[in-house]
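Peer 1: Sequence:
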Amino acid sequence: MLLGLVGVALADDPWRDPVAWTLTRDRRVEDVAVMLGDGPRAPWQLDRRPLRLGVSLDVRAGTLRADDAAGLPPPGMPGAVVRPEVAVARGPWVAWARPTLVADPGDAGATVRPDALWLGLDTSEASSWGGGALRPLRNASPAGGARAVAWTAGFGKRDRWTGPGRFGNLARTDHAAPPWMAELAIDATVGPRRADGRPGRLRAEIDAGWLDRPRSDVDDPGLIVTDVRWAHRDVLELGATRMTLFGGEGRPAVDPLQLLIPTEPHIYGDPQRLRPDQNEIAVLDARLGLPRAWRPAWLDHAEAWIAYGGEDLIVRADGGLPVPELAGIANLGGTEVAVGPWTLTVEAARLQDDTFRWYVGHRVYHLGFTQDGRPLGHPGGTDSESRDLALARTAGDARWRLRAGTRTRVGVIETRNGRTFTLSTHERTLRAALEGDAWLRARHVRLHAGIEAARVESANFVPGTVTWPWRAWVGVDLRGWSAGQPPALP
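In terms of the working numbering, the sequence shown opens at residue 53 and continues consecutively.
These aren't lab readings, by the way, just hints derived from the structure by calculation. All C-beta atoms, glycine included, are put in the ideal place defined by N, C-alpha and C. Do not rely on the hints blindly, as some may be mistaken.
Said to hold, decoys possible - Quick list of simulated restraints, FRET-style, between CB atoms:
no., residue 1, residue 2, range
1, 126, 445, 39 to 49 Å
2, 163, 443, 45 to 55 Å
3, 400, 526, 26 to 36 Å
4, 392, 136, 54 to 64 Å
5, 346, 465, 42 to 52 Å
6, 340, 307, 52 to 62 Å
Using the sequences provided together with the hints, build the complete structure.
Peer 2: Take a look at the structure:
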């Protein structure tokens, strides 16, 4: 029986999946309507095979904790991460299991985490994230060309990436351990099919579940994530995402209408916290690409993206009607240019506000949108500014990337009467990483390795201190299939 795995290295952001990286890059070159903001990474969404079994082995060491690694702890002494995987696709039904076994000699043994465990149905022919085809409906569009739609519905744990950011997003990323979620999404072509065969696309999704990791505020709070986005070829993508935290063990039931439209986002005069309450994050994002007709022959693709979010909601009276508005503003933006085998990416994010703190600090849910102290969103976390730059080269079956970045964190003491009190010393981090991978033996084996180092001034806000954390990894993914071959990608 053959072994197989879509490789998952201990690297950061969407770069870590070479199949998805290559597919999305090629689709943008061709102006196909790729949605980078929905971010599914399940095996059947990249290519559909009836059965795959696989295993991945990484040997790692160091004291630096990786971003966007599903909450994986820092390696410490040299240890190993083993990821066996099984993925099944039969008709629209799909199942996926990928536990993570972490063996660290410095700890009290080994730990096992279900980082991917998902069962449901997906009617798409191939990856929506990779620009794959959708199953056409029987009725045709009056304007010519068949309309197409795909559904996804299921339950479990899996990494998600909601937004166009490359090194983080304001809403969902895979920085923290994934929560248990039920998912329902529709992905459809919209508008008449043009002569070039490239219609627009509309995607809407709602997920509901709970944060299952141990907490010191409220155990098992409920979580709802909604995401709607539209793409016109690869020229424009618009998205809107909302995350809601509510309920939990021992908390009173929340008004369902408030979950839909939070006209009363804040509770006053309740020092014992006996009344129901909820925490909200809302993000608007846009990605603009340079059309192929406007690009010179040497330019494969060029695009820019922005995200504008509010960590909380306030209500203003507009004509006597309560109108929710964003508060606690955060911003993210970046640009990317691809020329031949080279890709240059630059991105910056700012998550700071004088009153509202991103992800944390709610009057009931002090730990907010976090698992094990890691935010569900941007790796910079609350009260931070981040800047990242990466230069990547892809040549045949080999890739490498050089990445550098800075991050500044502000130490917040407390927020009282609308004012935020902070420490006088900021934590400043400079990081650099070199990583790469290569396919061998007809793409049945993938080798990957990398090293990352950081210089941290005033770590944990202790003035005058300087630390040098680092991490290194090397690994192998075995790839193959025990039954069937995938259909040709469009």
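Peer 1: Does each hint hold? Answer for all of them.
Peer 2: Each hint tested on the structure:
| no. | hint | in the structure |
| --- | --- | --- |
| 1 | 126 <-> 445: 39 to 49 Å | violated (28 Å) |
| 2 | 163 <-> 443: 45 to 55 Å | violated (35 Å) |
| 3 | 400 <-> 526: 26 to 36 Å | holds (31 Å) |
| 4 | 392 <-> 136: 54 to 64 Å | violated (37 Å) |
| 5 | 346 <-> 465: 42 to 52 Å | holds (51 Å) |
| 6 | 340 <-> 307: 52 to 62 Å | violated (39 Å) |
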